[in-house]
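Each chain, written out:
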Amino acid sequence: MPPLLEVRDLRMHFPVREGVLLRARQTCRAVDGVSFTLAAGETLGLVGESGCGKSTLGRCIVRLLTPTAGSIRFEGTDLAPLSRRALKPVRRQIQMVFQDPVESLNARHTVGQTLAEPFIIHGLGTPAERARWVQELLDQVGLPRGAEQKYPFEFSGGQRQRIGIARAIALRPKLVICDEPVSALDVSIQSQVLNLLMELQQQLGLSFLFIAHNLAVVKHVSDRIAIMYLGRIVELGGADDVYANPRHPYTRALLAAIPVPDPRRHSPPAPLAGDVPSPIHPPSGCPFHPRCPHATDRCKAERPELRTVATPTGTAQSVACHYDL
Amino acid sequence: MSSPAPLLSIRDLAVGFQTDSGLLRAVDGISFDVPRGRTVGVVGESGCGKSVTAFSIMRLLPQPHGKILAGQILFDGRDLVQATPAEMGTIRAARIGMVFQEPLSALNPVHTIGRQLAEIYLLHKTKDKREALRLAVDMLRRVGLPSPEVRVGEYPHQLSGGMRQRVVIAMALACHPDLLIADEPTTALDVTVQAQILALLRELRAEMGMAVLLITHDLGVIAEQCDEVVVMYAGRIAEQGTVEQIFDRPTHPYTRGLLASIPRLEHPRKTRLTTIEGLVPALSEMPAGCRFQNRCPLASDQCRQSQPPLEEIDPGHTVACFHWRSSV
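Sequences listed follow chains A and B, in order.
At position 193 of the first sequence the residue is numbered 1098 (this note's numbering), and the sequence of numbers has no breaks.
At position 180 of the second sequence the residue is numbered 184 (this note's numbering), and the sequence of numbers has no breaks.
Fair warning: there could be bad hints in the mix.
One side only, chain B facing chain A, incomplete, derived with CB under 8 Å [unchecked claim]:
hint, residue
1, M212
2, E248
3, R268
Now the stretches of chain B that chain A is said to cover, found in silico as 3 or more residues with beta-carbon under 8 Å [stated by the list, open to error]:
hint, stretch
4, 216-229
5, 255-263
From chain B, some residues computed to sit far from chain A (all C-beta separations above 10 Å) [as the list claims (entries may be wrong)]:
hint, residue
6, E91
7, H115
8, V154
9, S164
If you are wondering where the hints come from, they were derived from the structure by calculation, not from laboratory data.
For every residue, glycine included, the Cβ atom is placed at its ideal position computed from N, Cα and C.
Sequences are here, hints too, so could you generate the full structure?
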């Protein structure tokens, strides 16, 4: 069976305009050659620090952005070159949950209006049917009866994210892109929303592309994990393998940098020095070499491609590093 | 516990905000100490009053709505609640430094970082501008800013988030304060940069011996940085103790729920996470009695009628719960 989603060599380059005439003098390579697949019912976690291109990648897949190059095959159709009109039927199948439910919900619409909108846009149902569907959606995401008559500001952050999730699942999509869905929430609320997402996946057979910077959160909900650095995937594999046996030095540093809620654990020194370089002037060779403790001359000159490595469990794991560290 | 007088002692502090719906008590009678040279963490979720506590100590509550309603903030034996604005001006920077969550809002965008840092030295240490700039470069080197001689001439927007936070830390520590208040100092930073800033704070604390009041929502940061912990919920203290007591023997149902709901790397994937059901009540709708009652598995009539007092269950470990014995 072909995968639900197959992304090949995707690139999203933004012109950086400068000067009085706003000429594009430089290019920001936000996503620079990313390939992966996603099976039906699977969750792929996408982890990386700010500016690594993870959100841009998500926005390319829902086609909020038109990628510069590469293909996005969804059920066999390449979405990358499609026009707005041709995209409309596909948009039912791919939905998005955003980080900030305040900004992604229309403050002047009641929750009922917001949730009925997808049905109206796609010409589904009579007003009475739509009202019933809205009720069902509210039940599904655990919001109280009567919520449809309220406005977003009347809800707490966690409830607003439930509204964002209800909107995303309204049209019964196959793929939901979750872009930092719990980063803005408090810990006790975060676990409620993560449980909801996992339940909905079970019930509706959804596939998730789960974008987040918190590796512990991503590992908990994902089947496989991709680690991004400066617009590229540097490691990709089963969630347990990547955690138990990280192969890329960046993945190791990310794991080591997470503060662990255990005072007995000796506080480690910072695993990495320096900051993430700018995607406008990415380093030569391996983009990670200026911060890598193992970098050699080869790393400065030659960019490592993702290559498959052997795992103890026999599952597929790949790493973009010249060396077996 | 009998020990020398703590550097900072907060006694029955209550802070309120005047709003359209009346006076809201954001902090409602909290007491805790920060001993000299120790790091005390205040942890809690949004709206629990942890930042309001920090701003009250600095006397930087938003005016005219924010007001200290009752209590004392004894800093080195002196009540900051009674201090005049001029006295507070001397105490801030010289004796208490503060680091905020968002470094960009703590820095002036139109002045070079060298000028902003040198200004502190000109106010408190020296009259000589060149000497002040030299001290600024030294301080920036100590906080690990690369090539500080060049960076002093740059503006905040030219620095990365991590470097900006280093500059803010340099400014907070310029006059060797006795107390550093750090309000979510790494929340806006990436995890690898967060690790750098946390390591820097540990180093500087060991080197300069100041006490730190660290405010955060991240229990991982608390475990790594702190000696003592204050857990706040809805404007009150739920539990306090040493970091070992809080993590080894969490006793308040809220602390236990909070620790259990963190997804951990070693947990099996795709399993249901423990949650604390429900929501924090709004400040305008606080129930009588215990404020955690609507989310607590142990809540009883007693919890709905009266506020549980802080009870010492072990030396230095206090809990505000009637049912703490059934909780563990």
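Against the structure, the hints come out as follows:
no.	hint	verdict
1	M212	violated, 18 Å
2	E248	holds, 6 Å
3	R268	holds, 6 Å
4	216-229	holds (count 9)
5	255-263	holds (count 3)
6	E91	holds, 36 Å
7	H115	holds, 23 Å
8	V154	holds, 16 Å
9	S164	violated, 4 Å
The structure fails to meet hints 1, 9 from the earlier list, while all remaining hints are met.
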